[in-house]
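Undergrad: Knowing the structure of chain A, use the given hints to seat chain B on it.
In case you want the letters, here they are:
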Amino acid sequence: MTETSETPASKKAPSTMERLLDSDIFHAFLRSKVTIMAAAGTLILFLLAFLSPWIAPHDPFDLASLDVMNSYMPPAWIEGADPAFLLGTDDQGRDILSAIFYGMRISLIVGFCSVIFAALVGIGLGLIAGYMGGRIDALIMRVADVQLTFPAILIALLIDGAARGLFGSLDREVFSFWILIFSLSLSFWVQYARTVRGSTMVEKNKEYVQAARVIGIPSWIIMLRHILPNVTGPVMVIATINLALAIVTEATLSFLGVGMPITQPSLGTLISVGNDYLYSGEWWMAIFPGVALALLVLCVNLLGDWLRDALNPKLR
Amino acid sequence: MSVLEIQDLRVDFPSRKSTFTAVDGVNLTLEAGKILGVVGESGAGKSTVGNAVIGLLQEPGFIASGEVRLHGQTINTLSEADKRKLRGRKIGMIFQDPLTSLDPLQTIESQLVETIVTHLPLSSREAQKRAVELLDSVGIPDPEARIKQYPHQFSGGMRQRVVIALALCAEPELVIADEPTTALDVSIQAQILELMKKLCTERNVAMLVITHDMGVIAEITDHVAVMYHGKLVEYGETAQVLGAPTHEYTKSLISAVPRPDIRVERFPSVNYIEASEKPTRNIDISTHWLGQSRDYAKISGPLLKVNDLQMKFETKGSIFASRREYFHAVKKVSFDIQEGETFGLVGESGSGKSTIARLITGLYTASGGSIMFGDTELTSLKNPRQVLAMRRQMQMIFQDPFSSLNARMRVRDIVAEPIKFHKLASSGSEVRQIVSDLLDHVGLGTAAGEKFPHEFSGGQRQRISIARALATRPRFLICDEPTSALDVSIQAQILNLLKDLQQELGLTMLFISHDLAVIRQMCTRVGVMRHGELCEVSQCEALFDAPQHEYTKDLLSLMPSMDLLSRADL
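Read top to bottom, the protein sequences are chains A and B. This note's numbering runs 118 ahead of the 1-based position in the first sequence. This note's numbering runs 4 ahead of the 1-based position in the second sequence.
With the rest of the complex left out, here is chain A:
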């Protein structure tokens, strides 16, 4: 039993915003408390991270404001603390809270950039493989299969190591950022490629693609204009979940010392630094960046999970 959808042709077409507010996805969102909290959490953390130069209580990169006398301060509620440093300070006398804000910003930028690059590469190759088929498909997908046999972190380490060997003499501070993004994107593109290839193979046999071919439209326009918008649903889901994964992988690499340098600390770098002092009593230096990382990843992941369920017609 299907409801007849006979909208009179004279009715005014709703705008994109009205469409979104009236959509099933938006209503599913309003019904899930966990998702609303996750979305709110994500939004707050993003704001804290990207507004850090204006809202952080101290500037941890301003050497003039640092004072070694302030080093190893415990969090504000513990005896002997300076209330100016809410979550305490590190070995250089930097404010942990501010360092977390700035660190989160770097983690997020690296995460977003690597997700975008990975998605571009993966979607492009997946579209070509799925639409062309045959040998091109076999070649691309075998490369992807081989890469899948290695853990993502191992590939990132390999690329990172190789790049450092090649560009070791160059300015490390600028380059480690781009090397990190490059190695993370290269380890995550496979998922996009496989998903997009699968959806493309379904879409290319639909009659709207055949209609476009009958009109005479060349393959690359069909891929970009007709197929791509119809396969973006699953890509959005992977991208959201991958953002969390990229942040964690970046943190792991930084923790291992091959990611962001100590002069531009990400959350992973902060944890790594704090780790050295974990057993000497200065626990706050590792724990608070760790909690921030966990919260950030949790919120993004919950959002991604919900998006996956909301876009999955089988679970509706």
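Since the hints were derived computationally from the structure, they do not count as laboratory data. Remember, it's a predicted structure, so these values are computed and weren't measured experimentally. Even for Gly, the Cβ is constructed at its ideal location relative to N, Cα and C. Some hints could be false.
Each computed EDC-like pair below joins lysine to aspartate or glutamate, with the alpha-carbon atoms no more than 20 Å apart [claimed, not checked]:
hint, chain 1, residue 1, chain 2, residue 2
1, B, K21, A, D255
2, B, K503, B, E545
3, B, K21, A, D140
4, B, K202, B, D226
5, A, K324, B, E485
6, B, K94, B, E118
7, A, K324, B, D404
8, B, K152, B, E183
9, B, K87, B, E118
10, B, K335, B, D312
11, B, K38, B, E183
12, A, K324, B, D226
13, A, K322, B, D404
14, B, K21, A, D142
Part of the chain A face toward chain B, derived, beta carbon under 8 Å [claimed, not checked]:
hint, residue
15, K324
16, Y326
17, N348
Every beta carbon over 10 Å from chain A, so not counted as near; a handful from chain B, in silico [to be verified]:
hint, residue
18, R91
19, D101
20, D107
21, S141
22, H156
23, S159
24, I192
25, H251
26, T319
27, G354
28, Q507
29, H518
TA: Only chain B this time, still in chain A's reference frame:
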């Protein structure tokens, strides 16, 4: 006492925004040994009536008011456990698709015996014996041997016989058949209908047949109920209702059914169902862009000439050519189409008709033979510019209106794409003007351009497809089952539209359909296809009046008779 009584039945489907009443105030009664047909178009609520009777309403639907009585006992208020006892025991069900309504992992025997043992106090040995008898009675040859087989070893028609046997297992008093023959080819449909009618009389079972097909109604039912938008609009003896309909909707529905026995120029008064917008401006096609600068070379002889066309699909690949296996979808087919005529291709599923359409448009590459379009040989065309020029001259309308439009594009962009791509208009404003004229002309109204395809019904989408196909100003239009996914009244509207456009623009058409009655209404000449071969080509009227080939004769004799249907308005 009647077997089934439905009184004031109302079924509601609450949703986020509103409550949708699928069935409203339906009253029906059904006697033992009789067949009651419920007919209506998609969304009329006919399947919901059947599901409400058997207690299998889809979530979130529920019976809001009214009663369903089986032998006087109210059954819609029973508990779930009691309802389950009724299902199969007292009420049997025959589903639409025999390919999915049997468990593929169990033998026919275990499925039948399971059902019998559940409902009747029989030992498994007795149940086996009964199962064999049942298969025998539904006309399955050699039932002792075939009962040990799995569903995939049966053909579609044979499976539907098994499904019928399954429904009859526990000697139910009522059988509900929901579109029992819709998934079957016409030759098998005739056998199944005959079987259903025979079983109904022999076993004194009451049968509720739900269908959209007037042919099925005319063929087997004793009484018929016509539904429209959830309401019962007409109810009575089949001969009475079909022969002299009183309600306007029934009249319009009956007049929209394509008849195999007569050819009509246009389907009359079919605007009851889906109001198509009348073109607001009357466009004079000959001076409009659509009719202008059709700078096609004049050709002598046929517009399209297909010679020994072959197509084989690889079914088993191998690096050695000798080991490869092929399925021959099209075997040495030859025909030609004259300019301005409508050439029909008719045949059952898998006969290769759609493959021919895809070969002509270049979606598939032929394995052999030639396709001449005017003086150009299409199969050897390599130069991309020539290919584009050819593509512009021939367009195609597809079967499924739900997948043939890109869901992410606005309608105006869909229609504008071919115009822009082939650079047929000089400016953006001219493109917009042409698109709105086109949408207006196919009966959608100019405002439709701003919307997305999902906001339209199947018939409206097919109009968008037609507008898109016309946007390259083609001279040759291929229609691949353009109406088989549509309701009969909407089919009539679309067929009318295609006829009008053909006359206005002087189009040549290749019209592919499995439905002989539709072919008769549309075509000048017809080719009958079977297993990839062309059996017979002849003038349309001659084919129906005096078929030459045995297969054509068979096909024609198997069509449900429409003699009962009123001929008023035709």
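Undergrad: Now tell me if each hint is right for this structure.
TA: Status of each hint after checking the structure:
The suggested pairing of B:K21 with A:D255 is violated, with an alpha-carbon distance near 45 Å, which exceeds 20 Å. For the hint linking B:K503 to B:E545, the alpha-carbon distance of about 17 Å falls within 20 Å, and the restraint holds. As the CA atoms of B:K21 and A:D140 are separated by approximately 10 Å, the hinted pair is consistent with the 20 Å bound. In summary, the hint linking B:K202 to B:D226 is supported, as the alpha carbons are separated by about 13 Å, within the 20 Å threshold.
As the CA atoms of A:K324 and B:E485 are separated by approximately 15 Å, the hinted pair is consistent with the 20 Å bound. Between the alpha carbons of B:K94 and B:E118 the distance comes to roughly 16 Å, so the proposed pair stays at or under 20 Å and holds. In summary, the hint linking A:K324 to B:D404 is supported, as the alpha carbons are separated by about 9 Å, within the 20 Å threshold. Among the hinted pairs, B:K152 with B:E183 is inconsistent with the structure: their alpha-carbon atoms are about 28 Å apart, more than 20 Å.
Among the hinted pairs, B:K87 with B:E118 is consistent with the structure: their alpha-carbon atoms are about 18 Å apart, no more than 20 Å. At roughly 8 Å between alpha-carbon atoms, B:K335 and B:D312 fall within 20 Å of each other, so this suggested pair holds. For the given pair, B:K38 sits about 17 Å from B:E183 by alpha-carbon distance, which is consistent with the 20 Å threshold. Restraint check for A:K324 and B:D226: not satisfied, since their Cα atoms lie roughly 42 Å apart, outside the 20 Å limit.
Using a Cα cut-off of 20 Å, the hinted pair A:K322 and B:D404 holds, with the two alpha carbons roughly 15 Å apart. Of the pairs offered as hints, the one joining B:K21 and A:D142 holds, with about 11 Å between alpha carbons and a cut-off of 20 Å not exceeded. Checking A:K324 against chain B: minimum C-beta separation of about 4 Å stays under 8 Å; hint holds. About 5 Å separates the beta-carbon of A:Y326 from the nearest beta-carbon of chain B, less than 8 Å, and the hint is met.
Evaluation of the A:N348 hint against chain B yields a held restraint, the C-beta minimum of about 6 Å falling below 8 Å. Every CB of chain A lies more than 10 Å from the CB of B:R91, the least distance being 19 Å, so the non-interface label holds. The Cβ of B:D101 sits about 16 Å from the closest Cβ of chain A, beyond the 10 Å cut-off, so the non-interface label holds. Every C-beta of chain A lies more than 10 Å from that of B:D107, the closest at about 21 Å, which supports listing it as non-interface.
The beta carbon of B:S141 is kept farther than 10 Å from every beta carbon of chain A, the shortest such distance being approximately 33 Å. For B:H156, the condition that its CB be more than 10 Å from all CB atoms of chain A holds, with the nearest at approximately 24 Å. With 10 Å as the threshold on Cβ separation, the claim that B:S159 sits away from chain A holds: the shortest Cβ distance comes to roughly 26 Å. At the 10 Å boundary, the C-beta of B:I192 stays outside the reach of chain A, the nearest C-beta of that chain being 27 Å off.
Non-interface call for B:H251 relative to chain A: holds, since the shortest CB-CB distance, roughly 19 Å, exceeds 10 Å. Non-interface call for B:T319 relative to chain A: holds, since the shortest CB-CB distance, roughly 17 Å, exceeds 10 Å. With a minimum CB-CB distance of about 18 Å to chain A, B:G354 clears the 10 Å threshold, and the non-interface call stands. Residue-level check passed: B:Q507 sits 23 Å from the nearest beta carbon of chain A, beyond 10 Å.
Every CB of chain A is more than 10 Å from the CB of B:H518 (nearest about 17 Å), matching its label as outside the interface.
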